[in-house]
Each structure stands twice: as structure tokens, then as C-alpha cells.
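Just so you know, the sequences run in chain order A and B.
Sequential numbering of the first sequence, starting at 1, is according to the numbering used here.
Sequential numbering of the second sequence, starting at 1001, is according to the numbering used here.
Hints are computed from structural coordinates only; laboratory data are not their basis.
Backbone N, C-alpha and C define an ideal beta-carbon position, used for all residues, glycine too.
A couple of the hints might just be wrong.
[What the hints assert, rightly or not] Using 30 Å as the maximum straight-line C-alpha spacing, the simulated DSSO-like pairs for lysine-lysine come out as follows:
1) B/Lys1150 / A/Lys158
2) A/Lys100 / A/Lys3
3) A/Lys496 / A/Lys368
4) A/Lys100 / A/Lys76
5) B/Lys1044 / A/Lys158
6) A/Lys153 / A/Lys41
7) A/Lys158 / B/Lys1145
8) A/Lys753 / A/Lys496
9) B/Lys1133 / A/Lys158
10) A/Lys67 / A/Lys109
11) B/Lys1044 / A/Lys153
12) B/Lys1038 / A/Lys154
13) B/Lys1038 / B/Lys1133
14) B/Lys1133 / B/Lys1145
15) A/Lys100 / A/Lys67
16) A/Lys689 / A/Lys363
[Stated by the list, open to error] Some chain B residues well away from chain A (every beta-carbon gap over 12 Å; in silico):
17) Ser1057
18) Ala1072
19) Ser1159
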Amino acid sequence: MTKPVTLTMDGVQIEVPAGTLIVNAAKMAGVDIPVFCYHPKMEPVGMCRMCLVEIGRPVIDRATGEKVLEEDGSPKIQFSPKLELACATPVSEGMVVLNKSENAKRGRKDILEFLLTSHPLDCPICDKGGECPLQDLTMGFGPGVSRYLYDEKKHLAKQYPLGELIMLDRERCIQCGRCVRFQDIYAEDPVIAFTHRGRSMEIVSYSDPGFDSYWSGNTTDICPVGALTTMDFRFRARPWELRAAASLCTHCAVGCNLTLNVRREAVSGGEWVVKRVMPRQNEEVNEIWICDKGRFGYHYAAQNPERLRQPLVRKNGELEPASWKEALDLIAERFEQAGQGLLTLAGGRLANEDLFNLGKLTKGLGGKTVLYSHMGGGKLTSRVGLTPGSNLIDLGAGSGDEPPDAVLVVGCDLEEEAPLWWLRVRQAARRGAKLIVLNPRRTKLDNSASYVLRYPFGNAAMAVLAMVNALSQKQPDLPESVQALSRDPDLQAAAKAFAEARNALVIYGSEGMGLVESSALAQACANLLLTTNHVGRPNNGLICAWPHANEQGAWELGWEPDENLVESLKQAEALYIAGADPVSDDAAYQPSFGSDKFVVVQDLYLSQTARLADVVLPVQSWIEREGSYTSGERRVQRFYPALPATTALPPKAEAPGVRAASVLTRSAPELEGPQADYAIPALIAERLKIEALNYSNAAVVFAQIGETIPVFAGLTFQKLAEVHEQWPIVGRGDMYYGGTTYENTQGLGVQLKLAAPDAGQPPLAWPQVVDFKLPSLGMMAFPVTRLYDQGSTLMRTELLHQRIGEPYVVLNGSDAGRLKIADGGKVRITFSNTEQSTIVQVRLDNELPERVVLVPRSYGLFISGPTPVEIRQAN
Amino acid sequence: MFAIEIAKGLVTTLRELFSRPVTVQYPEEKRPVSKRFKGRHELKRYDNGLEKCIGCSLCASACPADAIFVEAAQNTDDERYSPGERYARVYEINMMRCIFCGYCEDACPTEAIVLGDNYELSFYGRRSSVYNKEMLIDPVPEGGKTTPQKVEPGLYTRSIPVMKDPPDWRTPF
């Protein structure tokens, strides 16, 4: 490590690592040096001059090289004649920093007066008002009155939308450039920039749609004024009126820590509503960033008139409202009849507690549990996955003689599948880690990669095996295509860098793959890690970019997907479907719901699957209840209730000002309204007298998980709620430093230990891979993931509809030319396996191989894996 | 001996009998309140009928009794309530909670809320003690239009209307 340096800060002697900037050294010592343009996550630029301090350095005798001493024996300090920047000056030995001297104070006052010459007095209506660094620092250091004339203020455009997500007020901008730098350095979407100069300098967006980035919301967090604000939160509340609840993002496997800001709302009948979603610092997961899907895509879980509010039971062919007692009694009776014929299908959005209870109930009856997912390999991620102490922020060039770390991203468009990992992997590459991108087509991550390798669509596992093969020649009976791939010098170099790396991890996704293909890919990746001995240590191992928040947790709890789900659903006598909507995804599942089958669905909304069910049970969304998720990095994290559970009946529409005293009627003795997902199987189990499952409290269920599942051994909610000091220090009173991100006070989560190997299943197995070749005739469709999809969780965020767009497929230009289709034209796509036929838009990508069609998942097109399709002009 | 004292007393009574009475016949007759009296709040309008309130919630945050609830929304040129960017969609004061301290008036950046001279506040239930915006807002002045107004685009471009210093800003009462 670097040598510590001793300096004096406001009369207090402190010791910090060499190279630390003064502003950060001050932070470590608990001294606040105000800043606007400096941000601890970015390099200093020194644009705002707010951090001016007096700096003195010991005088060195040039002849002897010794420190000159005062008469009393202390070193003689010479102060520079002018104030210096604390944000851009690293500490040096014996430095004396005066932050509270009259000179420093005057400097700050002058800078603030200067910044305020053109800043409008919008504070009363500004969304930043109340958590605004400029407001705070003006109160702290600014002049009481302005000497400038009101009429001579510079007027620039106000209410200037940068796209439909972010609002810009050019007059409020103080030209710190934090947003521009963030978009360049972190988001790699340089779609906003400064134009003009001096007092006319303003932010512009060059993209169409405006501010076209998945990361735009973060700029509103780090903007030190109200220049950038989100449309979602526009005028919805003042920051000081909001209550904060710690939560987690459910949209992907990263498990970003969130803070939900809630408030009662008169126009919603006096109910509590989520006003906005803010990031919560967790340097091991999402640092202080979140993507726009997490920030804006919460509306589905909020209170909504479309939400299910009471159980529905099918009577005379129609779903009719029923009491919980009636519904549960019926379910218990029919499940008991079904016994081993029960199949429980659960989605990866359910919390650990839900999956545990659902599993226990199903196993108690002798039934079968199936995880609803298009990705496999969870057994391997729990055995050769990340171990406690892993943190992507530690990956880098390696110090001293150590080789750099390596990250292999394979079959994955990481920014679309797990945005925060994309951001962190990219930062690791910027720090010097070797990034190997192995993908069938160009992705944004290629720009940061040390090695960009391509493989033909459908050959992901093959390509990884070729890397293994390039390192050792132990598998001579490989298909010729693998042999050929492993002779590629780029691939050999990448494999060598991976093998030699200090730490190496593999992230695999589901680009162009279904369940079978991704399971094979996971095995191939595990083989690569095992043969290069990158297993069992922190920051080494296998990560899967699961499509849902808790799929890793589901695997850890013994849930697995079924390769032949359609058949299994057909054979089951009773179906219990929780947190999954297979029928909306693929109409092929519809025939499995025969009339003689008893189907129970528990969901937030009356989904397509729920419409076919015999009993539909309403559940609480994740923001209304407690629970825990296991992220793709195997970190178990806890989320807290932010809103009271949705009530049984929709609140009456009342004139504003007249709010019903609904509190009095809410605590009825009978079970009413939506229940937590873990409570419902426990209530059924109680009726069947099979096992005592807990339905009162997620903490108790989690404690049971800790007692029964070996990898969770010793974990409790208290453990998950533990926090420790994180760097940089953000989210306290000093919002000028880190932005409006919330401090993490309610739990950083715990990473799981590696699962013990199963008897009889060695981790180093050779996966069953077929030498996949495109058919010589016709087109082949491959599923890809897009961040903004038409899934039911995102379509309820109307703000994002324009970005989501209509269903589309991506074609090669020459294929399109052959079919006489222009970019943006319409085609009819027919899937050969399901005979489903839809009219969709065409987007052209000439880098795509011929006869390959990319079909985005959750866009209304039913695709589970590589599928032959027929494409015709739509007319 | 006591007769003198009694007579003195009766003289006082006799004198008061012919002087003007100090009581008024409330509620038929009302006594004017002082200039700085703090009665029921009034939400003010500009002369053109637009509301002065911009929905900033500063009154609510200044309120020591937590009696005010504000919910804002955005103005558009088709539906304009106030000259700024934002207006109060919901504005409620719980008169049972209010202590008539006038902090809200001090906090208001646009002089929208003023404690008026109406002191006749009585209600039959707790719920009717909550005064909403319709009850609090002043009638539209003569020549003005009611809100929401449809206005020409580009007429109101500021976030907060330009405020003149109030006339009595430098000269205390």
C-alpha cells in the first residue's frame, strides 16, 4: 500500500494515504470542504473554485534539503500567497491546510456571490430545493445580500426538457460539468455537452430521443443545483416532506440498493404513495448509481386501481370475488387430492422467504417445484460463484508485480441485461483489468474490452470450451469448429490473460440462448474457471446475469427450471403459479391449462395466466412488505416495507380535503386484502396440517432458512441489516459532496459461502454441446434481452413508453434487401414451433450475420430459445 | 353611615345609564379588527384572476402546528392557475390545528397566503375543520378570469413570477 502522509488540517494532525486529494483527506478527518464540481467518484476538474483553502508547506533549505525550523523548533511553514484548490491538490508531507481561516471564508463567499449573480431565485418551486448543495452552501458560506442588480441577471431557457425523462433549467446551471463528466466517464453515453462559452455556456443534448441514456437519472442526483431534475418526480413533493424506506431493485440480478421516498397523497385518496426512487449507497453492489429502469420502473408495484385486492374463485366458469377462507379451503382440498401431481411454478421475482415456504408446501405434498426462467446454470454459480469478500470495485490492474485481473463477459449484452454490472465492469477495465468480451454481435461493452472475440450465433458454450482448449490440449475429441476456434490467436491471447490473471471472473448472459444453451454455457464457463484455478477466492468465480432479482436465491434454495416445462405443466394435476406469467410470455403454455386441472395463481395483477386459473390470490408487492433477495453476486440483501399493504377495497374517490378515516376499518379480524407471497403457502399448509410454516413474519421465515439451508447457515435479518463505514462518505448532511444518494443505514447484505459439492456430480463435467450451425435455408431467430421491454413490470411506467417503443426484430441489411424491407418497415414473423405469427417493426443491423433475426424478449413475441422463423413483408 | 357609600355607587350607576354602551349586538353588529389581526387565511389572486400560490409548501414547513397540507402540480398554458411553473393542486388547512401564528404568511414567497380578519370559525365535526383551496381562495377580482385560464404561450416563462418588494417592507408598523 502507499505510504501514509501526515498533514495538519485546521490544527488537527491527520494521517492519510499518499496521493489523497485534500478534499478527501478533510472528509476522512471529518472536516467539510465545500465543493460543487468535484465528486468523489470522478477525477477533479477545478471548475467551480468553491473548495479554495489556504495551503502551507514546510520550507526546505535548498542547500541541505532539510526542513527549515522556527525558533521554537517547529517546521517553518510558508503559505502560498493565493488560495488553492483542495479538490485538485494532493496532500504532501507536513502540509498545513486552513479551511476555516478568514481568507478561505472570504474566497468561498466571493465564489458564491459570483455563482449567484445569475442563479434564479426559484428555490420555492425547484425540485432540488431542500436538498440543494447551492442552497446549503449559500446558507453556510454565502453573502447575505447580493450586490448585483436583479434586472441585469442573465436569462436562459427555463423548462427545457432533455428528452421525456429529464428536465433542464439552463438558468439554474452553475456549469460544474458533473453531468457531462458522468455521462462520458461512467455511462459512456456522451449525449450531453456544453455549448457556447462564459455566461452563455449551456447544456445541450445531441441525441434523439433527448438524453438517450440508461443512466440519465444519476445526473439529477449529482447535479449540485436544480438544473437537472427528473420528470417522474417533477413537483410531486418537497424533499423534506418525504419519508425514506430502504429497499432493493427487482428488475435484474444486480440487486441495487434503493431508497423509496413515500408520502401521503391527497389525490390518491389520502393513501401513502411512492414519490420517487433514489439510490442507496452500497459500494459492493451499486456504489451510488442506479439505472433508469430501477429509478422509474417502480409504478407497477405501487398502489394501482388494477391491482388485485381480493381472492377470486372460478364459479360457473367466471372468476368471482371470494373470501380468503373460501379460497384457501378450496385450495387445500384440491391440493390434497392432487398430492404428488402438484406442480409449483415460481418466478425469480419472489423473495427468498416466498420460495422457501412455497418449496416446503410443495415438498410436503410430494409435488414438484419448478423455477420459471429461461436461464440455467444456477447449481454452478452457487458452487463456483463469488465468495464472501468479493467486490467488483477491487478489480483492476493489480499492484506491483501482480498480473491484472480479468473479467470474461460471454453471451451477454451486459448493459441491457445487468446495467450496473456493465458500469462496474467497465470501470474495472478502466482501472486496468483485462476485459474479454465474447459475444456473437457487437455490444457497448466492446468499447472497453481488451479482447473482443466473436463466435457464430448459437455457439457460446463452444467458444468458451475453445478457450479451455487453447489453454490445455486435453480434450482432443472436440468438434472441429471448436478446434478451429481455439486456434484463433486472439482467443489464445485472451485465454492466456484469463489464466494468468490475479483474479478472474466470468459473467454469462442469455444473448441468443434459451435454457438448454445457457446451462451448457454455464458448465463451459465453470470448466474454464476450474482449469485456470479461479475458484473459491474472493473476486473469482462465475456470475450469471439472471433475468430476475432473486433467481440466484431460488437456485440456492433448491429451485431449478424445467427444460420441458410445457410437458410438465400438461402432466400436473394441480398447478400453483406464483410470481410468473408463462401464458403472456408464450402462448404455447395455454393448452397446458386444461379444464380438468386445478390452477392457483398468486400475482399482483390479473395476468393472462391468472385469467385461466381456478383461484387467483392477491399478493403484496415488494414495496409493501419485508423480505430478502439473493443477488447474482450471491449477496443476500434485505428490503423493508415502504408502504402499508394495499387495502382490500379500492379507496373511495373523494373530494380533496375530505379524507376517510379508513384506519378504523382496516384492522378487521378476518384475512383481508393482498397477502405476502410467503404467507399464502403457509396458510395453505396450516389447513393441510403438513408442516408448521410461518406466515406472520418474513424474519422468522428467514431464520428458518438460516437453520435449514447450509449456505444460509447463521444468517438472520439482523445480520443482513449490519452496516459498516463506506468510502466515499455520502448521503449525510453534505449533499454537495456525493449528491443526493442516500446513506446506507439499513444493511449492506451478506455474501453467501460456496455451496458444498453434490455427491456424484463433479463440477468439472464436459457440457453436452452440439455443433450449432445455422440452417442452410430460412431464417433463425435468437432471443436477446433489452433493458426497456414490454414486460408487465415496466409497461405501467408510462414515462418510459416512448423509450420502450413498439415490438421489433433486428435483421441484416442484405436479408432485408432480399425481402424488400426498409429500415423501420413492417414484417410478419412466423415462429415455426408455435405457428405464432405477428406483425412487427424491422430494425437493420448490417453487422449481424445473414439469416439471423434478433428477437427481443418480453416484447410480445414468444421466443424461448433459438427458433427457425419465417419472415415476410407485412401487407 | 353606609348611606353615603351607597349614594356614591348609585351615582355611578346613574351616570353609566346615560352613557354609550360598550357592548355590540354581535352577530348583527361587528367590531372592526386591528390592522395586524390574524384571522382565517385567505389565498390571494392577482388582478387578472391567477392565483398567487405557487404550491411551494414553505407555509407547510413553517407551520409549527403541522396544520397545512400542500400538493403541487405543473401549470400548462392551456390550464394555468398561477403565473409560475407550479401551482397548488391541493391546499388544505386544518383550522382546528392552526394556532394563527402567521408563520405561513411570513414564509410565503409570493404573498399568496394572508391571515385575514375573519374570526368566525366553527365546525360541527373534525373533518369540516379542514378548509380546502376552494374555501380559502379569494373570489376572482373584477376584470379577472377564474382559474384555470387558457393563456397565450410564452406569456409566463418564469418559474416564479417576478415579485416587487411589498410596500411596507422597510417601514415597520
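- [ ] Hint by hint, work out which the structure violates, then give me just those numbers in ascending order.
- [x] Violated hints (numbers, rising): 3, 6, 10, 12, 17, 18, 19; every other hint is consistent with the structure.
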